[in-house]
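The residues making up each chain are set out below.
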Amino acid sequence: MVSKEYSRIGETLHHAELENGLHIYVDVKPEFSKSFAFFATNYGGMDMRFKLKGEWHDTPAGVAHFLEHKMFDTKDGNALQDLAANGASPNAFTSTAITGYYFESTEKFEENLKILLSFVSVPWFTKESVDKEQGIIGQEIRMIEDDPENQVFYGMLEALYEHNPVRASIAGTVESIAEITAETLYACHAAFYNPGNMTLCVAGNVDPRRVCEIAREVLPKEGLRDIPRDYGGEEPEQAFRPETVQEMAVSTPIFQLGWKADPAPLGEEHMRRQFIGELCCEAVFGTSTPLYASLYSRGLVNNNFSYGYEAYPGCAMLTVGGESRDPWALREAIAAEAARIGREGIGQELWDRLKKAAYGGRVRALNSFENICVGLAQSHFTGEEFFRFPEVFEGISKSDVEDCVRRWMSPERTALSVVKPKGEKV
Amino acid sequence: MTHVTHRELMPGVRLTAVQTDKFKTNLLSVSLLAPISEETASANALLPYVLRRGTERCPDMETLSAALDELYGGSIEPMVRKKGETQAVGFAASFVDDAFAPGDTRILESAAGLLGDVLLRPAVSGGRFLAEYVEGERANLVDRIHAQINEKRSYSILRLTQEMCAGEPYGVDKLGDEAHAAAITVEGLWKRYQSLLACAPVELYYCGSAGEERVAAALTSALAGLPRAEELEEPECGVQTGAVGDAPRLFTESMDVTQGKLALGFRTGGGCIWSEDYPALLVCNAVYGGTPTSKLFLNVREKLSLCYFASSMLEKFKGIMMVSSGIEFQNYEKAKDEILAQLENCRGGNIEAWELEGAKRSIISGLYATMDAQGRLEDFWLGQSVAGLAETPEELSRRVETVTVDEVVAAAGKLELDAIYFLKGLED
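Residue numbers (our numbering), protein chains in the order written: chain A, 1 to 426; chain B, 427 to 854.
These are calculated hints, taken from the structure and not from any lab test. Errors might be hidden in some of the hints.
Some, not all, of what chain A presents toward chain B, calculated at C-beta under 7 Å [claimed, not checked]:
{"no.": "1", "residue": "S176"}
{"no.": "2", "residue": "A178"}
{"no.": "3", "residue": "P253"}
{"no.": "4", "residue": "S288"}
{"no.": "5", "residue": "A293"}
Glycine is no exception: its CB is placed at the ideal position from the N, C-alpha and C atoms.
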């Protein structure tokens, strides 16, 4: 195990690669009473077509999420209960690109870690349990379909992308999950839930050597390292459709506005792009820009306003969303400001303080063990060194950001998604 | 090491300071406390948003944001909370600890100064708030009240609270209601502001690496000029022990949704944060529906697949427990019966050793985790201050540890179903 100190942010990280290909990261935090363990696979909602043992597999939308639900079943019962009985708060999530299982606990860390590693690595599916889960997830999908925030976000993805699987709902549809069988789940587990495709990230008052020992003891000795996936070829630079509008039971229209950025290469450049993307948003319509102040006073945005940059295999985007009385006027105002910055550049004073604020924001995020562990895992999968952000950040210049505003925030790359109140609703 | 101190900085201005170097950031909050009432709730809720628009020195959002950016992305967020029948309005400021800011910067003093400006020295015109700010934020508040309908799970709990506690101050939402919000004037809001500044008890909170003396000095200087009336208005909380009617009251609403929401409200028979059996009530709630090993989760959700979610929560100040669930419309009777049957199991002492243990571990773990999270710890201490209690999370967890099955059964036996709220689809 190798340890490395990051003095600028006061963190020390231990790292090891086991014989089976599993990478382990441990951030030791002696002054805390809780510990957090995050066991993640490089497999998410968008990984629907992949090659295993020389053969291509096509799976329906929603398998990664379905699998996440079913992993908690063990031959003897349910791992969620075992962890909860130890006072741990276990949970899991499936995102576009990864699936992660985690717990936070203040007692019995080692016992809980064994349970976590064991239930995620040992599959147990039966026809009966899969059938039952179809009912539960069917309910969850209905709940998602009732959720305007979710609908407006997928509306934007479907408008931006022509075929990249990022546009498919992570949970799938009631129809797509009906195709899932125990065999589908076993095949996907074999492909993606092997140590070579996973990482274990821990933060807390723990002994890093014990984490490695437990992982060696519980996990399979061998792992597959490379699972080829197919995301359907390169996307055009332009948005697939300029806008999409839905009607739902909401009081104020909600919107998501997205721009297709260039797909990000892996490695340190991936992190650089993340910063550049976030600073593009901050500089054009961020909450401390003149534009935001004017949109706010015109009532075109309110406090429910969030934005960011997201990168996945084969695609990256800038997004902004929230509530607006007139999302179309908002889109126009943002487009005009992006064009102005493209011509005139970002004011030096604004740039200086945006950079200060963005740096503080990164440091602030390190308060959360969840942020640290999820960040370490995602960075591992994209080939970044998570705690090196102060150095990467320093290297970003005003013109890097201006170039990307010019290149990415053009009208052809934009898609607007709106959910507006149903006819009679106030 | 973590060190907690309490002291009074000025009449009715109390500071709770948690000194620790665990965190990368410092948290500083100020809360004005008022009894919640229909007449004043919306105006109180509006105040922090109007104040946050601009100060004498930073008169608009852009200059205020610039000042925060200079503090390495510090934030000052309006906070509107309800603790029992007390409305707490104010701000929470968060900023990077001096140790992690490049160079030799003293951020605490600047942040406290900015917070004091936001609270006490607003941008004014003709001795009143700027009409533009009041009107803009009033419209946002009305929108926010409207938007409560968007998230159906929290909406069903809100509606249950309003109906079940109609006539009690607790029935008033922390944002008040649309009619009162829409009627707020510049003049009226200014008067409310003056009255709150003079009469409201003020809770200050700090968590970070600085010592208590430095924090007290920074805040005393930042709050210089805070008017203090002779008599402060200390809010209280009325605990209604039993159900209001002879039979549970049923409230239904129809909306264009695909999943139903069923919420049940119980009175705890007087059990609340001040009562001796509070730890037993906490465990009772956890055994019944508060955790993933609870009876509601394992039986109603997992075993019978009657709900996508089913859980219970405790309103510790008011002595209310609420069950919230998401169901298919046609499962209303079945789900309700099963939710109540699980409560009968608790009352009948049908609680296994692992259930009791799991419930305790979950609460204790939650209390310890609270000490590791700045925001949660602030909210915990605000609750304690409002309740007039000084018990730490460790002390409370020691009391939870000793709870017996019999005590849980006794707490469950006092629960009385008072009201049911059901959100169903449109009939066609």
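Cross-check of the supplied hints:
Against a cut-off of 7 Å between C-beta atoms, the interface hint on A/S176 is violated, since the closest Cβ of chain B lies about 17 Å away. Given hint, A/A178 at the interface with chain B, is violated; its Cβ is 16 Å from that chain's nearest Cβ, farther than 7 Å. Taken as an interface hint, A/P253 does not check out: its beta carbon lies about 11 Å from the nearest beta carbon of chain B, beyond 7 Å. With 7 Å as the threshold, the beta carbon of A/S288 comes within range of chain B, its nearest partner Cβ sitting at about 3 Å, so the hint holds.
Because the smallest distance between the Cβ of A/A293 and any Cβ of chain B comes to about 4 Å, under 7 Å, the interface hint for this residue holds.
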